[in-house]
Amino acid sequence: EAGVTQSPTHLIKTRGQQVTLRCSPISGHTSVYWYQQALGLGLQFLLWYDEGEERNRGNFPPRFSGRQFPNYSSELNVNALELEDSALYLCASRRPGGGYEQYFGPGTRLTVT
Amino acid sequence: AQSVAQPEDQVNVAEGNPLTVKCTYSVSGNPYLFWYVQYPNRGLQFLLKYITGDNLVKGSYGFEAEFNKSQTSFHLKKPSALVSDSALYFCAVRPPLGSSSNTGKLIFGQGTTLQVKP
Numbered sequence: 001e002a003g004v005t006q007s008p009t010h011l012i013k014t015r016g017q018q019v020t021l022r023c024s025p026i027s028g029h030t031s032v033y034w035y036q037q038a039l040g041l042g043l044q045f046l047l048w049y050d051e052g053e054e055r056n057r058g059n060f061p062p063r064f065s066g067r068q069f070p071n072y073s074s075e076l077n078v079n080a081l082e083l084e085d086s087a088l089y090l091c092a093s094r095r096p097g098g099g100y101e102q103y104f105g106p107g108t109r110l111t112v113t
Numbered sequence: 114a115q116s117v118a119q120p121e122d123q124v125n126v127a128e129g130n131p132l133t134v135k136c137t138y139s140v141s142g143n144p145y146l147f148w149y150v151q152y153p154n155r156g157l158q159f160l161l162k163y164i165t166g167d168n169l170v171k172g173s174y175g176f177e178a179e180f181n182k183s184q185t186s187f188h189l190k191k192p193s194a195l196v197s198d199s200a201l202y203f204c205a206v207r208p209p210l211g212s213s214s215n216t217g218k219l220i221f222g223q224g225t226t227l228q229v230k231p
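So the sequences go chain by chain: G and Z. Read left to right, the first sequence gives residues 1 to 113 (this note's numbering). Read left to right, the second sequence gives residues 114 to 231 (this note's numbering).
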């Protein structure tokens, strides 16, 4: 069974630019979560999508947004990049029903210069 | 507010010795608890979870964790550490279903670096 995949692996952007990160969940999983792992700040919850709907978002500004597609893949968009957006962005998926554990992808390392 | 605390930034242990990585939580009700491991430049790997039932849960790679409701703790343990266990370990909690604080997200501790020396 393939795991959660994310693309790209790394990218470098300059301040003010926009970026789109992509995530494909494990087959059969319908929920997708996005987390930011910034140095010294730990893992911070960004967004939760389930069945194509945004269910919850963390304490991040509106320039962080995303969506989930009918095939349950998801993308995270960040507009007007700031230096402090430099982080590892992790996507996780969860199967419907019980279980509750989330399975993480390898992440996208974003560097903003 | 819900929170997870991992009181040790780093744990050092000799190969072959038992290891414990500590975790305490603050969540109302009966939470769901998880341990994850992260190797350098990698995502998080799920190790084990406690939802209900036996307080001692077994997971991947020989790890286990003990849920203690009275102490609100969920410490990760392994009887005999390996050098390859060296990594960053995260404890996480999800508030229980039906609670007003259940937003689907996991709340993570700050992580504990485990260093196993030969």
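Because the hints were derived from the structure by calculation, they are not lab data. Glycine included, C-beta positions come from ideal geometry on N, C-alpha and C. One or more of the hints may lead you astray.
Just some of the chain Z residues that point at chain G, by a computed CB distance under 10 Å [stated by the list, open to error]:
1) K135
2) Y138
3) G142
4) N143
5) N154
6) R155
7) L157
8) L161
9) K162
10) G166
11) Y174
12) F203
13) G222
For this session: Output the numbers, in ascending order, of every earlier hint that fails for this structure.
Result: Hints 1, 2, 3, 4, 10, 11 contradicted; others consistent.
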